[in-house]
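Fit chains E, X and S to the supplied structure of chain V, relying on the hints for placement.
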Amino acid sequence: MSDNHSHHIIVPVKYYVATFVALLVLTFLTVYVTRFDFGALNIYVAMLIAVMKASLVLLVFMALAWDKGFNRIAVVFALLFFGIFIAFTMADISTRGSVEELEAGTHNINSPVRPLSESSKHNKVHH
Amino acid sequence: MSTATGKNFFEAASGWKSWLFTLDHKRIGLMYLAAVCIAFGLGGLFALLLRLELLTPTQLLFSAKQYNQLFTLHGAVMVFLFIIPSIPASLGNFFLPIQLGAKDVAFPRLNLASFHIYIFGALFCLYSIFAGAIDTGWTFYTPYSTQSDTSVISMTLGAFILGFSSILTGVNFIATIHKMRPKGMTWFRLPLFLWAMYATSVIQVLATPVLGITLFLMILEVSLGIGIFDPALGGDPVLFQHFFWFYSHPAVYIMILPAMGIMSELVTTFCRKNIFGYSFVAYSSIAIAIISFLVWGHHLFVSGQSEYATMLFSLLTFLVAIPSAIKVFNWLVTMYKGSISFDTPFLYFLSFMFLFSIGGLTGVFLGTLSIDVHLHDTYFVVAHFHYVMMGGTVMAFLGGLHYWWPKMVGKMYSEFWGRISCLLVFIGFNSVFFVQFIMGSKGMPRRYYNYLDQFQPLHAFSTFGTWILGLGFIIMAVYLLKSLKSGEKAPDNPWGGLTLEWKTTSPPPLENFETVPEITHDPYDYEKAGL
Amino acid sequence: MTAETQSLVSKGTFLLPESASTLSSNVDSLFYFLFWGSVVIFVGMLLVGIWFAYKYKRTPQNQEASEQMIHNTALEVSWTVIPLIIVMIIFAWGYKDYLRLTVVPPYAKEIRVTGKKWLWEFEYAKEGVKLLNEIVVPVNTPVRLVMTSEDVIHSFFVPNFRIKRDVLPNRYTRIWFEATEVGDYQVFCTEYCGDGHSNMLATLKVVSESEYTEWLAAGNSNDDLPLDELGKKLYTSKACNTCHSTDGSSMTGPTWKGLYNSNRTMADGSTAKADDNYLRESIVNPAAKIVAGYPPVMPTYAGLLSDREIAGLIEFIKGVK
Amino acid sequence: MSNAAPVVEHHVAHHFDTAEQEFETAKLGMWVFLAQEVLFFSAIFVAYIVFRHLHPEMFLEASHHLSWKLGALNTVFLITSSFTMVMGVRSAQVNERSASIKYLIATLILAGAFMVVKYIEYSEKFHHGYLPGKFFFGEGSHETLHLFYGLYFAATGLHGLHVLIGMGLILWLIIRSLRGEFYSDYYTPVEMVGLYWHLVDLIWIFLFPLLYLVG
Numbered sequence: 001m002s003d004n005h006s007h008h009i010i011v012p013v014k015y016y017v018a019t020f021v022a023l024l025v026l027t028f029l030t031v032y033v034t035r036f037d038f039g040a041l042n043i044y045v046a047m048l049i050a051v052m053k054a055s056l057v058l059l060v061f062m063a064l065a066w067d068k069g070f071n072r073i074a075v076v077f078a079l080l081f082f083g084i085f086i087a088f089t090m091a092d093i094s095t096r097g098s099v100e101e102l103e104a105g106t107h108n109i110n111s112p113v114r115p116l117s118e119s120s121k122h123n124k125v126h127h
Numbered sequence: 001m002s003t004a005t006g007k008n009f010f011e012a013a014s015g016w017k018s019w020l021f022t023l024d025h026k027r028i029g030l031m032y033l034a035a036v037c038i039a040f041g042l043g044g045l046f047a048l049l050l051r052l053e054l055l056t057p058t059q060l061l062f063s064a065k066q067y068n069q070l071f072t073l074h075g076a077v078m079v080f081l082f083i084i085p086s087i088p089a090s091l092g093n094f095f096l097p098i099q100l101g102a103k104d105v106a107f108p109r110l111n112l113a114s115f116h117i118y119i120f121g122a123l124f125c126l127y128s129i130f131a132g133a134i135d136t137g138w139t140f141y142t143p144y145s146t147q148s149d150t151s152v153i154s155m156t157l158g159a160f161i162l163g164f165s166s167i168l169t170g171v172n173f174i175a176t177i178h179k180m181r182p183k184g185m186t187w188f189r190l191p192l193f194l195w196a197m198y199a200t201s202v203i204q205v206l207a208t209p210v211l212g213i214t215l216f217l218m219i220l221e222v223s224l225g226i227g228i229f230d231p232a233l234g235g236d237p238v239l240f241q242h243f244f245w246f247y248s249h250p251a252v253y254i255m256i257l258p259a260m261g262i263m264s265e266l267v268t269t270f271c272r273k274n275i276f277g278y279s280f281v282a283y284s285s286i287a288i289a290i291i292s293f294l295v296w297g298h299h300l301f302v303s304g305q306s307e308y309a310t311m312l313f314s315l316l317t318f319l320v321a322i323p324s325a326i327k328v329f330n331w332l333v334t335m336y337k338g339s340i341s342f343d344t345p346f347l348y349f350l351s352f353m354f355l356f357s358i359g360g361l362t363g364v365f366l367g368t369l370s371i372d373v374h375l376h377d378t379y380f381v382v383a384h385f386h387y388v389m390m391g392g393t394v395m396a397f398l399g400g401l402h403y404w405w406p407k408m409v410g411k412m413y414s415e416f417w418g419r420i421s422c423l424l425v426f427i428g429f430n431s432v433f434f435v436q437f438i439m440g441s442k443g444m445p446r447r448y449y450n451y452l453d454q455f456q457p458l459h460a461f462s463t464f465g466t467w468i469l470g471l472g473f474i475i476m477a478v479y480l481l482k483s484l485k486s487g488e489k490a491p492d493n494p495w496g497g498l499t500l501e502w503k504t505t506s507p508p509p510l511e512n513f514e515t516v517p518e519i520t521h522d523p524y525d526y527e528k529a530g531l
Numbered sequence: 001m002t003a004e005t006q007s008l009v010s011k012g013t014f015l016l017p018e019s020a021s022t023l024s025s026n027v028d029s030l031f032y033f034l035f036w037g038s039v040v041i042f043v044g045m046l047l048v049g050i051w052f053a054y055k056y057k058r059t060p061q062n063q064e065a066s067e068q069m070i071h072n073t074a075l076e077v078s079w080t081v082i083p084l085i086i087v088m089i090i091f092a093w094g095y096k097d098y099l100r101l102t103v104v105p106p107y108a109k110e111i112r113v114t115g116k117k118w119l120w121e122f123e124y125a126k127e128g129v130k131l132l133n134e135i136v137v138p139v140n141t142p143v144r145l146v147m148t149s150e151d152v153i154h155s156f157f158v159p160n161f162r163i164k165r166d167v168l169p170n171r172y173t174r175i176w177f178e179a180t181e182v183g184d185y186q187v188f189c190t191e192y193c194g195d196g197h198s199n200m201l202a203t204l205k206v207v208s209e210s211e212y213t214e215w216l217a218a219g220n221s222n223d224d225l226p227l228d229e230l231g232k233k234l235y236t237s238k239a240c241n242t243c244h245s246t247d248g249s250s251m252t253g254p255t256w257k258g259l260y261n262s263n264r265t266m267a268d269g270s271t272a273k274a275d276d277n278y279l280r281e282s283i284v285n286p287a288a289k290i291v292a293g294y295p296p297v298m299p300t301y302a303g304l305l306s307d308r309e310i311a312g313l314i315e316f317i318k319g320v321k
Numbered sequence: 001m002s003n004a005a006p007v008v009e010h011h012v013a014h015h016f017d018t019a020e021q022e023f024e025t026a027k028l029g030m031w032v033f034l035a036q037e038v039l040f041f042s043a044i045f046v047a048y049i050v051f052r053h054l055h056p057e058m059f060l061e062a063s064h065h066l067s068w069k070l071g072a073l074n075t076v077f078l079i080t081s082s083f084t085m086v087m088g089v090r091s092a093q094v095n096e097r098s099a100s101i102k103y104l105i106a107t108l109i110l111a112g113a114f115m116v117v118k119y120i121e122y123s124e125k126f127h128h129g130y131l132p133g134k135f136f137f138g139e140g141s142h143e144t145l146h147l148f149y150g151l152y153f154a155a156t157g158l159h160g161l162h163v164l165i166g167m168g169l170i171l172w173l174i175i176r177s178l179r180g181e182f183y184s185d186y187y188t189p190v191e192m193v194g195l196y197w198h199l200v201d202l203i204w205i206f207l208f209p210l211l212y213l214v215g
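Chains as they are written, first to last, in this note's numbering: chain V, 1 to 127; chain E, 1 to 531; chain X, 1 to 321; chain S, 1 to 215.
One or more of the hints may lead you astray.
[As the list claims (entries may be wrong)] Simulated pairs of lysine-lysine, DSS-like, Cα-Cα distance not exceeding 30 Å: (1) K257/X / K65/E; (2) K134/S / K116/X; (3) K337/E / K65/E; (4) K233/X / K65/E; (5) K318/X / K65/E; (6) K273/X / K205/X.
[Unchecked claim] Below, a sample of chain E positions facing chain X; criterion: calculated Cβ distance under 10 Å: (7) L112; (8) H116; (9) G137; (10) K273; (11) N274; (12) M335; (13) G338; (14) S441; (15) N450; (16) K503; (17) E518; (18) D522.
It should be emphasised that the hints constitute simulated quantities derived from the structure, not laboratory data. Think of the CB as a built atom: it goes at the ideal place given N, C-alpha and C, for glycine as much as any other residue.
Isolated chain V (complex conformation) (with noise of 0.2 Å):
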């Protein structure tokens, strides 16, 4: 089932011009903006500009944008995987013990146990 019909794609030179102009230009940017500190968002801010600059290499330096299909998909799913790698780590990382503060109602746990008085009043019943 080769597609017989498809020819390589030959991408004009300005393309790659503008791309490379745009690659120096943000990570010039990327490194002027940290005279700013916008506190917590300093990260987000270099990540944002070093994903741009990933697409672009991505999209046209390694021409995903005119490719194929299952090339895309196989971009995406790695992704996809590395992101979820980082999602689920975290959720561990960052709740952990926030369980002990939990109030015994919070998640409708309907606690077994008794006050330390009742509970030594039930002992000396039991004995």
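Just chains E, X and S, lined up with the frame of chain V:
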């Protein structure tokens, strides 16, 4: 370029170089088959020895350290050298292109390279057995592994290298299934073994690199002490468990998916019936492959993982039970109104159905949070994964081996001894592992060298079972090897199968088919095939 | 290996050890729900399989499948959806009990647990009591264990209470229980931790409230035993037998047989005579002198043994010839 | 440039029907391999996120020890090399062999420059004791600094290894190009190495701000 000479692929070339440097997927598949069988024998030997030690509650033959090395090597050899490559690299390599109707896999040289990498990695593992065998358990948990004085680095390096063999095989199979299908072979005419191999390859490609980087970081941890896994240096040992199981849980499906593929082949051929619910069986393979990436945290329910993550992982774990159950139900219903023949491969199919159902149902116990707290790291877990891995994968591997043996070597084996050995393996297996469920739920922890006296009757029963199991395998080895020498010549289609491998000679010619058959109907369409 | 604890195998139900905490019966009911559910499903499939295998076996009359049934959407959907609903119920049930097992009542009595190769140390911070491989708790009182490890990962498991939690270095993990029955219960280490893993056991003693108060008041002494018998008792209860044999065989540590007054060669080449002072030093500061050929893994027992207990052990060693 | 070398015609491998199928298959295989590469690096990024989450201030301090100027210089080197690589592939596509070889050589030189800068950075870190894990003896106010350097060396070391492998592959392309093995109907290896090289660039695009800039 091939000429219709009537020569099969064995006769096409000779000499050891024609094997070791061959680009023919069939020869590579057979070399893998020999290699994984040797690994299985070695891992099995370790198992026999460690079960022997457990005959008594205290020391019998080995010291505690030797026992720990034995169960570690049993696990590492069985997982990395045997079960991961078992079906995909041997039977898969041989039959994937043939069932597809292709002349070879997409990248024959890469295929050979992955075999050479496998051998190279295997040598590292063997070296580590002789150079102070590793005693960390096959999971290499830190910080135990960073403190152990055994050969941790060479074993992990071996597993790291073996990982690349697995990745390259996966890349090769994906490209082959996408691009090498002949005219008429649409996605929904693929035999279900190929759907399973495709799903397996996806996991191999996307999960195995994480094992690679994890072991790489662990080697850095042991040699340089980079500290990310070592609590003494401020690292987090639970992070290692996350990394490790991100690979090693999907790896469980690298092991079982190809087995499920073989099951679909066996049930259709030996019932002479089209598969019930082709698309459900096919899609469930893909569903398993994807969900398998989302459940790794169920190995960490009591590890100090956060309770919220635990909830998430438990929920998703239950989801993966569904596609597995769908497959089992579909196979069962495929038998309905069929014409069932109880040849050896089909006996393995029945064994699989019996054992895998137990393995799957006990998996539900372990996925349930409150119950897992009690059962975690007990013999219940040991029994559960042996029911899935051995009762599932190994039974399917043996079923596939017997099913395709005539095609691969062109000789028939002894049907009588085949059935005897299948029966012994089935009985032996259940004797070894069924009592382990009871031991486990009664509280017997795993990886124990000494144990409480009260568990001895159960342990002894389990140990006796290993001898029956071992006998079954010895008989199998004897009659299969004997058939190579003096077996009856196999017909092209001994079982009446419909998939393409039965439309070529036994054994197949160098480029698989004298003329590539035309594909005009579904793979298991017994009506259109007009058999 | 024997334990004076309640039998796990012979007592309890068909599959589970005797249940002895407030939450274990919850776990057990879900366990048996799953068990019987699985039995029904499994036997059902088995019967259907046997019936098909018998009815449709290949015979001269049945050479071909009588009907090629390939699809039935209603059937497929029902065996997708029904199991899905069932497992979601099981999930919710399991999670609810898991939270109960996890969330510690705020007024629970706290005991600190330290796992190390290969022993369990229990410290009652308020009462100033330190115990080795033995933990005493009052019945019908919630107890919280705050656990940490000194070396590798261990795991604290009490089968009768259906509780288990890993014990990690550089971090505290928690576990809690409320015992409902008086008795001795087995504690296992369930995370593989090396040569002594299977000997890393402890006994959990549940006593009545009054006995507990008495026990605390008595200060846990063994004053009434003769020294060598005290040593013999400590040899197993303090887990010396994990690493030291009395029959001359070499384990993780040197054997005690014929040890007293023998000449020892150290890893650094020096020699020493195994007299009383040497033995005492080896117990309270094991790293000071390492006998050649053995790993420096023994933890210090300083503070864990009273002077009388050390003397008892030395007397016991003298007697092993 | 030895443009004189005659074109060596490529034969389609026996198991393919057409050259088109062969090319598409190789490209698909390469993309699948690149997906693998992404996940190979993933754990390092996950470890970075985890430890940054646990020790945000330590990461702040540590990133100031790194020279953003050298990092930015290396970024420019790699981006430029990606550009020359893509031009090299394009030149092969349109049968401009000598241009292709020139671009490939430029790529190789830029990659070499990247490694030289890397060497300067590493030796400076070694000198100040900013070493991974147990070899760490550098100065700093956070006692977990060695964790950052463990990750720094693991990440940049692994990336550097990929650069070195890439340099080897580019050299191989240059040699084969000089022999006249690539032309408009067959340039599969050039395209594949190109894809690989862009991935190496991609990874650096993320490593640079994460290690050098964010603080």
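query: Which numbered conditions among the earlier hints are violated in the structure presented, ordered from lowest to highest?
result: 3, 6, 7, 8, 16 and 17
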